[in-house]
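Build the full structure now, drawing on both the sequences and the hints.
Quick mapping for you: the protein sequence lines, in order, are chains Z and G.
Mapping of the first sequence onto the working numbering: residues 411 to 830, in sequence order.
Mapping of the second sequence onto the working numbering: residues 411 to 830, in sequence order.
It is possible that part of the hints are untrue.
Where chains are identical, the list cannot tell them apart; a pair therefore holds if satisfied intra-copy or between any two copies.
To be verified - Heads up, simulated DSBU-like pairs for lysine-lysine below, C-alpha to C-alpha not over 35 angstroms straight-line: (1) 476 <-> 454; (2) 713 <-> 731; (3) 731 <-> 662; (4) 595 <-> 453; (5) 423 <-> 466; (6) 423 <-> 454; (7) 702 <-> 466; (8) 731 <-> 466; (9) 454 <-> 598.
It is worth saying that the hints were derived from the structure and are not from the lab.
Protein chains: 2
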Amino acid sequence: MPYSQRGDQNYLKLYNRRKVLGIFRAQGGMSRVELSRQTGLDKKSITNITKELLDKQQIRFERLEKQKAGRPKEILALNGGHARCIGLDFGGSHITGVILDFAGKVLCSDSVEVNLREPLDPDLFFSICSLMIDNLLLRASLTMADISGIGIAIPGHSVNNGQAVLVENIPCLKNVDIRRYFRKKYQKPVLVGDCSQLMALAELHLGAGRSAESFLVFDLGLGIGCGIVINQALYTGIGGKAGEVGHTIVQKDGPPCSCGRRGCIESLASGWALHATASEYVRLHPEDVLAKTAAPGEGVTIKHLVQAAAQGSEYSARLLKNAGEFIGIGISNAISLLNPPLVVLGGRMLMDNPIVLDAISDTIRRVTIDVIYQDTVISVSSIGANASAIGAALQNMDRIYQMEEEDPSHEKHPQRALAL
Amino acid sequence: MPYSQRGDQNYLKLYNRRKVLGIFRAQGGMSRVELSRQTGLDKKSITNITKELLDKQQIRFERLEKQKAGRPKEILALNGGHARCIGLDFGGSHITGVILDFAGKVLCSDSVEVNLREPLDPDLFFSICSLMIDNLLLRASLTMADISGIGIAIPGHSVNNGQAVLVENIPCLKNVDIRRYFRKKYQKPVLVGDCSQLMALAELHLGAGRSAESFLVFDLGLGIGCGIVINQALYTGIGGKAGEVGHTIVQKDGPPCSCGRRGCIESLASGWALHATASEYVRLHPEDVLAKTAAPGEGVTIKHLVQAAAQGSEYSARLLKNAGEFIGIGISNAISLLNPPLVVLGGRMLMDNPIVLDAISDTIRRVTIDVIYQDTVISVSSIGANASAIGAALQNMDRIYQMEEEDPSHEKHPQRALAL
Numbered sequence: 411m412p413y414s415q416r417g418d419q420n421y422l423k424l425y426n427r428r429k430v431l432g433i434f435r436a437q438g439g440m441s442r443v444e445l446s447r448q449t450g451l452d453k454k455s456i457t458n459i460t461k462e463l464l465d466k467q468q469i470r471f472e473r474l475e476k477q478k479a480g481r482p483k484e485i486l487a488l489n490g491g492h493a494r495c496i497g498l499d500f501g502g503s504h505i506t507g508v509i510l511d512f513a514g515k516v517l518c519s520d521s522v523e524v525n526l527r528e529p530l531d532p533d534l535f536f537s538i539c540s541l542m543i544d545n546l547l548l549r550a551s552l553t554m555a556d557i558s559g560i561g562i563a564i565p566g567h568s569v570n571n572g573q574a575v576l577v578e579n580i581p582c583l584k585n586v587d588i589r590r591y592f593r594k595k596y597q598k599p600v601l602v603g604d605c606s607q608l609m610a611l612a613e614l615h616l617g618a619g620r621s622a623e624s625f626l627v628f629d630l631g632l633g634i635g636c637g638i639v640i641n642q643a644l645y646t647g648i649g650g651k652a653g654e655v656g657h658t659i660v661q662k663d664g665p666p667c668s669c670g671r672r673g674c675i676e677s678l679a680s681g682w683a684l685h686a687t688a689s690e691y692v693r694l695h696p697e698d699v700l701a702k703t704a705a706p707g708e709g710v711t712i713k714h715l716v717q718a719a720a721q722g723s724e725y726s727a728r729l730l731k732n733a734g735e736f737i738g739i740g741i742s743n744a745i746s747l748l749n750p751p752l753v754v755l756g757g758r759m760l761m762d763n764p765i766v767l768d769a770i771s772d773t774i775r776r777v778t779i780d781v782i783y784q785d786t787v788i789s790v791s792s793i794g795a796n797a798s799a800i801g802a803a804l805q806n807m808d809r810i811y812q813m814e815e816e817d818p819s820h821e822k823h824p825q826r827a828l829a830l
Numbered sequence: 411m412p413y414s415q416r417g418d419q420n421y422l423k424l425y426n427r428r429k430v431l432g433i434f435r436a437q438g439g440m441s442r443v444e445l446s447r448q449t450g451l452d453k454k455s456i457t458n459i460t461k462e463l464l465d466k467q468q469i470r471f472e473r474l475e476k477q478k479a480g481r482p483k484e485i486l487a488l489n490g491g492h493a494r495c496i497g498l499d500f501g502g503s504h505i506t507g508v509i510l511d512f513a514g515k516v517l518c519s520d521s522v523e524v525n526l527r528e529p530l531d532p533d534l535f536f537s538i539c540s541l542m543i544d545n546l547l548l549r550a551s552l553t554m555a556d557i558s559g560i561g562i563a564i565p566g567h568s569v570n571n572g573q574a575v576l577v578e579n580i581p582c583l584k585n586v587d588i589r590r591y592f593r594k595k596y597q598k599p600v601l602v603g604d605c606s607q608l609m610a611l612a613e614l615h616l617g618a619g620r621s622a623e624s625f626l627v628f629d630l631g632l633g634i635g636c637g638i639v640i641n642q643a644l645y646t647g648i649g650g651k652a653g654e655v656g657h658t659i660v661q662k663d664g665p666p667c668s669c670g671r672r673g674c675i676e677s678l679a680s681g682w683a684l685h686a687t688a689s690e691y692v693r694l695h696p697e698d699v700l701a702k703t704a705a706p707g708e709g710v711t712i713k714h715l716v717q718a719a720a721q722g723s724e725y726s727a728r729l730l731k732n733a734g735e736f737i738g739i740g741i742s743n744a745i746s747l748l749n750p751p752l753v754v755l756g757g758r759m760l761m762d763n764p765i766v767l768d769a770i771s772d773t774i775r776r777v778t779i780d781v782i783y784q785d786t787v788i789s790v791s792s793i794g795a796n797a798s799a800i801g802a803a804l805q806n807m808d809r810i811y812q813m814e815e816e817d818p819s820h821e822k823h824p825q826r827a828l829a830l
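Here is the structure:
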């Protein structure tokens, strides 16, 4: 809510410290003179603020920069070593992990393929996660003592920031309190979030969203989701469930969806819908190029569809194009509603998949009213497959940036304050 | 953008003054003690702030309230007479006007039916507006010298806050610079905005939205639009065009729309789509109850459909229900995307129209995923047919609340600063 804080000297101090940290975060290292120019604060205020941030080891001396005349300028920057967070991303087909530092640098990453759409013992699932965390720490030459928090991205939502709901693509996690497990095992603050929202957080701090006031990120994979950033802050909705674009309806009384409804975009164009449709087709048409692309007994995936389309399977090309068109309509609908300056397309479905990407772009242009379309830049994510894992780590890092002892508002966010 | 202002003593002063005005605006009159409690500021700060607001005549002594012991408490409140704004709303079938005071009180209102969907000489149109303004001033015993600004709501968007675009339902205003006309004639600041966005502004300050952090307002009439409030502020998108829910697509390759695309909600369920469909039906079925409801030669309107349905026309009932279902899908899609705590339904289509309202409510419940649906309260606007006109006046009032000489940010919003 606007004007929700007590407008006293503490508030002003916090406002300026956060502003300075935000500038370092968005733009990297700079001198005190440049900080003064960008904040509009006088030299003395900047000297005080930077001294405090240096004392807290949130920033550090980066280097000296020679001047044409006079003393060299001290360039200050975020101190990566101030905090490090682990981010894990549970997709339907993989688990991905990263370790991120306070300056936003990815220290290491890892990924394993696991078919989480099939029933799986949660204990086995958590063992895989533990192995990944051990591996990440080893690669970064760190121990758990160096870690400030663990973030988890799930393809669904969490109740009370822990218990997984709406995770149709990972049935073994349904109603499991993921946070409790990691919190108990590692004794660290743990935050669980929606993978598409966290992908948007990664774009906000490290991707195309750094310079956009507001933007939408579309996460296209086994499921279809959306992350929303408004006024440079993640917008999650009243129950944390914003961005369920996959379950918006683009065809009244269309095919049945995993959510029990009909005609959702996911039922028409998601990874799981394409797998099901294509697998059935292959069963009926064993002579098609597509049938020869997938190994016998193996389900047909998007990768197979892309390969088969490249080898001349008209069916595969048509299926991919059709999916792109429905996704394009869903994205266009979101653009018509929110008139954003930027839309970022991400997710595994787009990797090496020009047919879907072209169909999405063409459809957005075709079905969006011109005067609205012209306001929006459409771009493809430059962060890649680790985006949600990075976002999961960033969510914890944001907590560290935000939760300072002087913050009078954090008592109002018990979820955050009680994250450990 | 967050942290965009210079965090100095001026900023703090402005922050607290706006906070106090916001509390008066949302909650009405109160004592300094209560203000101190709500803002967290000490008695001296509150005394200073209220003195300044009293000096500026933005607030006034409202009454003395007796205490059990000690001196009676002074109750302060917004001073309605500090400013008065005119708001006009141009619908496809009517022109509505109000005069609103600084305290949010509607001093008077007026409405005339005009079919603006037919070609009309812009000069004639503006003459009707002038007559309405004269009439409003007369009723409120005011002259133009008492008016601080004029706000205009149009069913479309405006370029540079003045020139009308996307006004399919008022062809005579297409590309007309409405602001220039009123500014020249009345020599007052003029702001032109989208009627659905302005309806949301009315709900934010005077309706159901007062207590909601974020909400959506659906404006159902000849066209279909949406106003979006996020964090207690109107969200208008990068080009001011947010809320075009009427042109979101719920049926791929559906019927043609006024925007030139296919399958938009407006093409399936708006007032104009129903008029066209029902008029054609009446031509082919002169024996239907519906044909006897509308006068010969007169087009069929929603009012006729509602009357005919009540008199047993199954066709009319089915057409209305069908429209409600498509609108319900569109609203459900917006709920899935934004997970808002509140949705307000408004607009002329809902007046005495239980078939459409029931179909909308039933459809939203049926097609929205339960865990998302449960977060949202669906309510019908209590403000009624003047909502967009009130919002248009409020937009000017917001300018007066926001644009103070100490505001360091107003230079960044040239549109606002140059409104006159």
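Outcome of the hint check:
no. : hint        : verdict
1   : 476 <-> 454 : within (22 angstroms within a copy, 50 angstroms between copies)
2   : 713 <-> 731 : within (14 angstroms within a copy, 43 angstroms between copies)
3   : 731 <-> 662 : both (20 angstroms within a copy, 14 angstroms between copies)
4   : 595 <-> 453 : neither (47 angstroms within a copy, 49 angstroms between copies)
5   : 423 <-> 466 : both (15 angstroms within a copy, 29 angstroms between copies)
6   : 423 <-> 454 : both (13 angstroms within a copy, 21 angstroms between copies)
7   : 702 <-> 466 : neither (61 angstroms within a copy, 80 angstroms between copies)
8   : 731 <-> 466 : neither (53 angstroms within a copy, 63 angstroms between copies)
9   : 454 <-> 598 : neither (38 angstroms within a copy, 44 angstroms between copies)
Going through the hint list in order, the structure does not satisfy hints 4, 7, 8 and 9.
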